[in-house]
Amino acid sequence: MPDVCENVALDGLATTTGLPEAHYLSDKGTADSPLRVGLIGLGSMGRHHARVIRATEGMELVAVADPGGDRFGVAGDLTVLPDVHALIDAGLDAAMVAVPTVYHEDVALALAEAGVHTMVEKPIAHDAVAGRRVAAAFAERGLVGAVGYVERCNPALRALRERLDAGELGEVYQVLTRRQGPFPARISDVGVVKDLATHDIDLTSWVAGARYTSVAAQVTHRSGRQTEDMMVATGLLEGGIVVSHQVNWLTPFKERVTIVTGEKGAFVADTLTGDLTFHANGTVASTWDQVAVFRGVSEGDVIRYAIPKREPLALEQESFRDAVRGVAQRHVTMAEGVATLDVVEAVLTSASENRTVEL
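Each residue of the sequence shown is one higher than the one before, starting from 622 at the first, in our numbering.
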């Protein structure tokens with residue numbers, strides 16, 4: 622398995638999102654000349670990006686910006702700049718955008734105009750229309766535009782996708798995800814669908830190698846905020862694969878589980894621990910008739926795989942670095958980010974209008 626997260630590269634994705642194909646033009650960053658990287662947003666995610674960028678070979682954090690200051694103390698000896706324009710003036714090869722979602726479009730467009738390769742934290746923008754503007758700006762200029770769907774770099778999901786691609790599960794029947802836990806203090810501008818469910822929507826298409834064709838969802842508002850804090854959604858992918866997503870900010874424990882069921886059994890990926898387990902369909906008959914009838918399929922061997930585990934955020938930055946250098950294109954593209962946001966908006970439409978939305 623390569624030591625970077627991989628791009629799903631679904632055929633025709635740029636066409637389906639209405640975006641031009643990107644042709645990356647970059648000779649930035651060599652062993653003797655690391656990428657000059659700027660970071661805007663020094664909050665709960667930005668502080669981790671600062672640490673990882675500093676630790677990534679071939680990247681040098683040369684400038685940081687946040688109009689709210691440096692509350693986590695990650696700037697070190699760097700001056701905390703007031704905005705994206707001051708960041709650009711520092712002379713950048715690449716930038717990481719970790720500001721609140723509502724500012725993604727304005728910041729990303731400024732970086733594109735300045736010719737700076739950029740990775741934007743998920744989602745790509747506050748809505749799909751804005752996301753298309755952002756993606757088009759980078760594609761038209763031949764710049765690397767990436768979206769930070771870090772779950773694609775989780776060791777359990779990388780191993781899962783590799784085994785699905787190898788046909789170890791046979792035909793895939795269903796992808797089920799559960800992503801729940803307490804309310805995060807870092808979120809104030811979006812609901813649980815754009816903050817958390819967007820991860821599951823992206824990873825589901827990625828591991829299955831298929832697009833969504835329909836979704837139906839329900840949301841609730843239990844915590845006194847304008848945005849939703851709980852979501853349950855079902856849907857279909859190409860090929861008739863059934864999907865199910867359970868996401869909330871109201872559970873007093875954290876759970877991050879993806880289960881893929883197919884003709885040969887089921888894979889269970891725990892992205893909190895990075896573990897992958899396979900439950901095989903067995904051939905041993907049960908003499909307990911009631912249980913045998915209940916099961917539908919028989920229980921077989923259970924295998925827990927030994928997986929090399931590196932920090933997903935580090936792998937994500939390495940994939941971005943390699944894309945900017947022109948070494949490999951394994952990042953999550955902005956076209957893919959827009960496609961995911963299309964599904965996210967379909968989920969919200971379904972919930973508000975109480976109907977199934979076709980994609």
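No lab work stands behind these hints: they were computed from the structure. A few of these clues could be false.
Pair by pair, the computed Cβ-Cβ distance ranges are [claimed, not checked]:
1. Ser654 to Glu920: 48 to 58 Å
2. Asp922 to Val948: 36 to 46 Å
3. Pro805 to Thr970: 45 to 55 Å
4. Gly689 to Thr977: 36 to 46 Å
5. Arg976 to Gly694: 26 to 36 Å
Every residue, glycine too, gets a C-beta built ideally from N, C-alpha and C.
- Query: Of the numbered hints stated previously, which ones are contradicted by the structure, given in increasing order?
  - Reply: 3, 5
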